[in-house]
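Protein chains: 6
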Amino acid sequence: MTAIKSLSSQDEFVGYYLLKELEVKQTNSTPAKDYFDIVLCDSSGQLPAKYWDVSPTDKETFFPMGLVKVQGLVQTYREKLQIKITRMRKTTPEDGVVLTDFIRSAPISPADLLAAIKQTVESITDRDIHKIVSYCVKKVEDKLSHYPAAKTYHHAYFAGLAYHIARMLELGEFVCKQRPFLNPDLIKAGIVLHDIAKPEEMIAQMGIVSDYSVQGKLIGHISMASNWITEAALVEGIDLQSERVLALQHLVLSHHNLGEWGSPVQPQTAEAVALHHIDALDAKLQMVEDALQTTPEHEEWTPMIRGLENKAIYRMKW
Amino acid sequence: MTAIKSLSSQDEFVGYYLLKELEVKQTNSTPAKDYFDIVLCDSSGQLPAKYWDVSPTDKETFFPMGLVKVQGLVQTYREKLQIKITRMRKTTPEDGVVLTDFIRSAPISPADLLAAIKQTVESITDRDIHKIVSYCVKKVEDKLSHYPAAKTYHHAYFAGLAYHIARMLELGEFVCKQRPFLNPDLIKAGIVLHDIAKPEEMIAQMGIVSDYSVQGKLIGHISMASNWITEAALVEGIDLQSERVLALQHLVLSHHNLGEWGSPVQPQTAEAVALHHIDALDAKLQMVEDALQTTPEHEEWTPMIRGLENKAIYRMKW
Amino acid sequence: MTAIKSLSSQDEFVGYYLLKELEVKQTNSTPAKDYFDIVLCDSSGQLPAKYWDVSPTDKETFFPMGLVKVQGLVQTYREKLQIKITRMRKTTPEDGVVLTDFIRSAPISPADLLAAIKQTVESITDRDIHKIVSYCVKKVEDKLSHYPAAKTYHHAYFAGLAYHIARMLELGEFVCKQRPFLNPDLIKAGIVLHDIAKPEEMIAQMGIVSDYSVQGKLIGHISMASNWITEAALVEGIDLQSERVLALQHLVLSHHNLGEWGSPVQPQTAEAVALHHIDALDAKLQMVEDALQTTPEHEEWTPMIRGLENKAIYRMKW
Amino acid sequence: MTAIKSLSSQDEFVGYYLLKELEVKQTNSTPAKDYFDIVLCDSSGQLPAKYWDVSPTDKETFFPMGLVKVQGLVQTYREKLQIKITRMRKTTPEDGVVLTDFIRSAPISPADLLAAIKQTVESITDRDIHKIVSYCVKKVEDKLSHYPAAKTYHHAYFAGLAYHIARMLELGEFVCKQRPFLNPDLIKAGIVLHDIAKPEEMIAQMGIVSDYSVQGKLIGHISMASNWITEAALVEGIDLQSERVLALQHLVLSHHNLGEWGSPVQPQTAEAVALHHIDALDAKLQMVEDALQTTPEHEEWTPMIRGLENKAIYRMKW
Amino acid sequence: MTAIKSLSSQDEFVGYYLLKELEVKQTNSTPAKDYFDIVLCDSSGQLPAKYWDVSPTDKETFFPMGLVKVQGLVQTYREKLQIKITRMRKTTPEDGVVLTDFIRSAPISPADLLAAIKQTVESITDRDIHKIVSYCVKKVEDKLSHYPAAKTYHHAYFAGLAYHIARMLELGEFVCKQRPFLNPDLIKAGIVLHDIAKPEEMIAQMGIVSDYSVQGKLIGHISMASNWITEAALVEGIDLQSERVLALQHLVLSHHNLGEWGSPVQPQTAEAVALHHIDALDAKLQMVEDALQTTPEHEEWTPMIRGLENKAIYRMKW
Amino acid sequence: MTAIKSLSSQDEFVGYYLLKELEVKQTNSTPAKDYFDIVLCDSSGQLPAKYWDVSPTDKETFFPMGLVKVQGLVQTYREKLQIKITRMRKTTPEDGVVLTDFIRSAPISPADLLAAIKQTVESITDRDIHKIVSYCVKKVEDKLSHYPAAKTYHHAYFAGLAYHIARMLELGEFVCKQRPFLNPDLIKAGIVLHDIAKPEEMIAQMGIVSDYSVQGKLIGHISMASNWITEAALVEGIDLQSERVLALQHLVLSHHNLGEWGSPVQPQTAEAVALHHIDALDAKLQMVEDALQTTPEHEEWTPMIRGLENKAIYRMKW
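Taken in sequence, the protein lines are chains P, D, A, S, L and E. Under full-length UniProt numbering, the first sequence has 270 at position 270, and the numbering climbs by one with no breaks. Under full-length UniProt numbering, the second sequence has 15 at position 15, and the numbering climbs by one with no breaks. Under full-length UniProt numbering, the third sequence has 79 at position 79, and the numbering climbs by one with no breaks. Under full-length UniProt numbering, the fourth sequence has 304 at position 304, and the numbering climbs by one with no breaks. Under full-length UniProt numbering, the fifth sequence has 67 at position 67, and the numbering climbs by one with no breaks. Under full-length UniProt numbering, the sixth sequence has 122 at position 122, and the numbering climbs by one with no breaks.
Heads up, some of the hints might be wrong.
Remember, identical chains collapse to one label, so a pair may be satisfied in a single copy or spanning two.
[To be verified] Dumping the calculated DSS-like pairs for lysine-lysine here, alpha-carbon to alpha-carbon at most 30 Å: (1) Lys217 to Lys317; (2) Lys139 to Lys90; (3) Lys317 to Lys138; (4) Lys90 to Lys59; (5) Lys139 to Lys217; (6) Lys143 to Lys317; (7) Lys138 to Lys118; (8) Lys311 to Lys25; (9) Lys20 to Lys139; (10) Lys59 to Lys118; (11) Lys69 to Lys90; (12) Lys84 to Lys50; (13) Lys217 to Lys143; (14) Lys25 to Lys5; (15) Lys69 to Lys311; (16) Lys311 to Lys90; (17) Lys317 to Lys118.
Source of the hints: derived by calculation from the structure; they are not laboratory data.
The task is simple: from the sequences and hints, build the whole structure.
Structure representation (structure tokens):
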């Protein structure tokens, strides 16, 4: 079976893939004919595909997010690769393939990521901070195990958010050792909480964000998380005016650093400054790593990456 | 008695004034002598003042925010007017002057403004919106009657915030009549809530803001108000996921329109668009009105106004 | 007959529509065939359409801005609706349809709008201001009755400009009552004159702007209006150096507020500040109203609106 | 006599100078004493100066823009040079000094500059363009012979504007030869008209701008010149819609290139593009030349120059 | 033979052209057919073209940058002209056409341009500057004779870079005469060196840039030229700390004027300020000249020009 | 002895301090008297000071960067603390104080820092990279042991640059472990080289930058380091076109990330992205740490920090 990432123009191939997107369309010919406009993917990448001369049965057989066995030909259309599907059938149990094989995932299992995050939460020594962080994690625990961290920018895959948090916690631990004036409880809490409302901000399935929720658009994950901290404090009986609540809300509200990047206030505590830069370092390096991994190895340059000033990354030859 | 606003260079005068600011300093001479660095004000304006050769008794007699009878001389220092105080004593009950005569105030009494606001709140027909707005107003009711709306930008005087809200409510009522697709409950609620956390964001006395509070700097009045809505909904038993809560938080969060002006999200409901522009129209026109009123009438130009692209306003001659 | 706005994918329909745009094109097939690339519209909205296999007779029959009876099928092409026209004929007098039924118009008749504007002009008490405003209105009186206010941003329909002016005049009257320091003559004059050169800046037919004029591109409506005031003063024998002329030119020149929005000077009179914000409030709310009205009612979100920071507007469910 | 530019700290000197600015102030001592706060200048530069213990006679003797003989001492105050005047008297006819010796002037005489400009105007071959340019030049002919080109940015001295125009005309002639597709009449007209309204925008005496005029602030020299072209065409009987009028107004309106630099439209004719860059080249190089000339020769760096990205200019050592 | 620039919709024509781009693609039909997606050009301009029903022989016959005789038909596709090629063959020696006839070139021969540049280099009187400039010119001498100055912005044709340098040298000579304080050696050196590394920054053939080189992307022509100066000084035994080296590197590094335009430092010598503005004047006027020349004469407006604030240029009618 | 940082208004004190700055000035009194305008510092901070009635002997005794024993009084001047020196004498060997006790230094000794950096350089496995890095370090080895990293922004003290490099190397080592796709040689080289030219860009003594060098202003440390890499490669016989040279120059040139922050190219290799964010994280956290350490402990807020969006840092109370 051929990985999507390794397909080249004019390749003929057979393999199992996921119908990430599928739409019925009609040709301009007379009479018009139905065809499927498809995005085909596996864990290595994705490509647009066409399936011509769709029959009524086909329309009742194939749906988005279904697994299929495909025979196809790779063509070039507007300087981009596109698959022409010549044969296609749904997979059967005998094929022995499962959905999660076909989506991009964090390199560590969701269960391990969630366990690592929860262990960190348990290590928070301040009672009030511990309660608030636990409350917020509980609100999204289900989604936290599999949600991506973003629609396209970075960690945009299954369990990407938990992976982002887990790696930031490693980095945060190192920075706290290097700079003892930082409060480790606040660094841990800030890392866990900073994107905690993203699962409610975005609508995602199998690590793929289809849209932002109404709440996500009208309030945004930054203010949602701030509201959750208020809710947690009220429910847990913690004084809303306490410096703990203040410190946590400031961490969440300021972590995008600038107003034009969505933060209503700028970092004004040591831990808030640290949080923003730990977040940036992890997110930007992950964008690089993801781009290099999904770019065929013989190519010198990755595609342009919006989150990196729209620059492509060059792969040194040695 | 001479109004501050009408004093000119070389004027000698006697009158009652407020010691808005007073600091003990020392001259560079040997031996150093104590003097008072003062800001003297009445309801028409303010001027810097010096009181030289301060005695130990003086230092125990005069304090900031005290009322005094002053005999002085107006001088020019670095192209600005400055008062040299030649005699000064504290006022006595016999003088018949009271503090509120000496500070700039909204042209309508605080009691009337508060009554108008409360009446509007009562006219909100939606039960949940009414509860949330009432809850938030109650949190700051005391301060709402006398707080300024800003440190320097606009409505920076006694009861300026309530005055700003009351005028916006008039404008909002007109706009709702002109455009029936707007929801009057949301317009009213948005106007009352948009700056409702300002009394906790700033530290003010007699309409004069001395500083921002720690909460004000680390969270800001926009996010504070959003948190209060969460608190109100929880306490009043209103579903946090309801569209009412969502709509109110969106109004508050988006009312500065752009990220660089402090809004984490941009207006995305009809009422949020209206709220931003009603706020802008009222605030900008008040800046103009205040500048014209505090500029001596024979001067063509007001001072430069930071909130109006740092432009001065010209007074037409007819 | 079915309104354009209520058509859904796969609908078959018959009705009268306007050929807003029509271009003859050729297919890539061998031999190439002619087809019509069409924009079909009625007063509720517009959709792209294709009419395949065009005959020589068709090419002599159908032209842009003509009314037609159409039988068609709604398809989806690149995620947007597109009509496939299966039958089409020109309308006849018997059909009883007229052009103005098919274009978007202001909700008030052009005659009434023009009358309201002229009545306001007559109410200007200052002789010189009255003369200048009258002169400028006369220059574009014909076009003022039916021109749109913009190509796409706002009030982009038949009589949109007059409607914008009329609504601003209502708002201006309210603001003058609320703030008596404003000069009502200048507010009225500023509102009538601020976009008065737009009919010469744009080339429009039936409320639809096809392009900007050469003058529009090289001078722009702001400077054109300023020049017209000069012309009016010269013709009417008013001193070019008088404060009236100065005040009117300043109103026009500064009404976009910032250099990057096209204003060579920023508002520096009370009335100029008011004019900019009255204009903004009316234009932005009209964008919202127009977007909500032309979006099918079952859809939560309007399309993105360029003039509103490129945000879509959410329709609350209650 | 010592040139201002060559004075160093601790120098004692005697010489004739101009009292460019003079203000009576009072010391903080008790009793307060009068002193003069002065700006002393000659054609090489200027320095702040103090004249202590001013007598009533002094106050009736010395005024701004008067010539004086001064004995003084150079001191350092806040890291800048400042003159302490020990003796001062008004000049008499016997001293043989005249005002124009003491102000910075263009290196070519005003009469020669004006003659060169007028000769260029006469060489314009197109009748209508010639009439309009002549009309506008005539409006400010008196001031054109001696006005500066700006308050501080560039050519800020006696006849600076005429000098700027004359040098640009030389450059324009060269560019027209190098690029024959440019219309020389329009290049000449654009150069003469682009800043033609500056003498009415600014209030200046002896090449020193004290302020902007009310017209200058509310309309600005760009729109004023555009209005003058309208006026000229009307008076001279030239069709306001003609391409000549259009071309001239476009040149003037667009010559600052960007909205944020004050141009309501951007250059959209070949000549308008040329005009902007000829203007920039001449103005920027003059800023450099002026800064180098007024900086003492032993200093490596000029002061920072606002019009050059606030950078200082380095003088190479060879 | 018909020039590309003069083709209109529905024209049938025969002529010799260059296959500037050629790609084999496949139709969506079943079975898919091969076709050529072509860009056809001559020295007057270029147009997209399609050649349908490509045979295996065709695929071995036609390649990019080959000369062909074409019979075709001009069609309109998405509001742009597109050629449908009906017949096509490779040219033979008998046709008497050569490649350079079909590409856009500077109006002066490469040999003459190079000679003019070299002559200027020889006229540099300072020994060290002369050595460094000669060294750098020698590095790219081959490419300097034919490289374009940019991918799309300006002088984007055969020998465009040498043409840009030669014209700037003329302008530089004039400016040095007008302003004797400028050092002519530095002006000459700055003009020759400012874009000297462009031939290594871009990959071009026949004046057409296909891409940027890896060095071009990772270092950029500005820093490359700075490094070359270091290299030249080392090889030629010139002190790296000398003011000559410093002056040349500063000229190169600062010539884009601002950080956001790619210059790590801003102009801080007289010659650096001059260089930037001479470069701007020449480049912008060439953009205008090129746009006017390649726009059909009956059209009032050129296409929009990215380097001119994305504005089109209007051609006056007289 | 009292640390500068712990002095409060009205304190009288005696102690040893460094005369960081000293300038002779004159009072405005008649006759004028000399006084010293001083900046007094120790390792905890600095304060302005005045020493009145300076004698001729004093002027020959006290100089900048000299150690003194001072008796003084703390006063408040323009809301800031200022010392009035009542007695002062130079220190003698008997006092047992040395210069380095009085300046702010990195918390690790210069020798240890330099050893750590050199050890890292030795650990670079790639021969060419090792040679280039060694060459550049050798160029500034003397200054590297004691130079600050910046004039004011961060690490602005004795050995601040070496400290910045050493801490970044720790962080870089951690990040390389966390993300094995990064090339450790390039990370090490990038960290050592990124600011390697700063000692030549700035003029500093005892960790205090007095100015930028001419080279620093005209070329800047980024381009200087790029040139040094060229020089190193040439001298060491490494191919200038090799990917090693390219990679190192790209790291240095891109490490400020954006053009407006001084980088002529943006990061386009994995290691360049990492370098920028490791630099940012270390520099920003050091700004916070330095501000907290030099702010008296009873104060909630540090002064505003320019490098942190001009925000002050709040010190949590627990």
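Hints, one by one, checked against the model:
1. When the C-alpha separation of Lys217 and Lys317 is checked against a cutoff of 30 Å, the pair qualifies only between copies, where the shortest distance is 16 Å, while the shortest distance within a copy is 43 Å.
2. In the homo-oligomer, the alpha carbons of Lys139 and Lys90 never lie at most 30 Å apart, since the shortest distance is 37 Å inside one protomer and 61 Å across protomers.
3. For a Cα distance limit of 30 Å, the shortest separation of Lys317 from Lys138 across copies, 29 Å, qualifies, whereas the shortest one inside one copy, 46 Å, does not.
4. Within a single copy, Lys90 and Lys59 get their C-alpha atoms as close as 12 Å, which meets the 30 Å cut-off; across copies the closest is 38 Å, which misses it.
5. Taking the shortest Cα distances, Lys139 and Lys217 sit within 30 Å of each other both inside one copy (19 Å) and across copies (28 Å).
6. Taking CA atoms no more than 30 Å apart as the test, Lys143 paired with Lys317 passes between copies only; the shortest distance there is 26 Å, against 40 Å inside one copy.
7. Taking CA atoms no more than 30 Å apart as the test, Lys138 paired with Lys118 passes inside one copy only; the shortest distance there is 10 Å, against 39 Å between copies.
8. With identical chains, the CA atoms of Lys311 and Lys25 are at most 30 Å apart between copies only, with a shortest distance of 29 Å across copies and 35 Å within one.
9. Taking CA atoms no more than 30 Å apart as the test, Lys20 paired with Lys139 passes inside one copy only; the shortest distance there is 28 Å, against 51 Å between copies.
10. Taking identical chains as interchangeable, the C-alpha atoms of Lys59 and Lys118 are never at most 30 Å apart, the minima being 44 Å within one chain and 60 Å between chains.
11. For the homomeric pair Lys69 and Lys90, the shortest alpha-carbon distance inside one copy (6 Å) is at most 30 Å, but the shortest distance between copies (45 Å) is not.
12. For a Cα distance limit of 30 Å, the shortest separation of Lys84 from Lys50 qualifies both inside one copy, at 5 Å, and across copies, at 21 Å.
13. Proximity of Lys217 and Lys143 under a CA criterion of 30 Å is satisfied intra-copy only: 19 Å inside one chain copy versus 33 Å between copies.
14. Within a single copy, Lys25 and Lys5 get their C-alpha atoms as close as 26 Å, and across copies as close as 21 Å, so both meet the 30 Å cut-off.
15. With identical chains, the CA atoms of Lys69 and Lys311 are never at most 30 Å apart, being 36 Å at best within one copy and 41 Å at best between copies.
16. Taking the shortest alpha-carbon separations for Lys311 and Lys90, neither the intra-copy value of 39 Å nor the inter-copy value of 40 Å comes in at or below 30 Å.
17. Taking CA atoms no more than 30 Å apart as the test, Lys317 paired with Lys118 passes between copies only; the shortest distance there is 27 Å, against 41 Å inside one copy.
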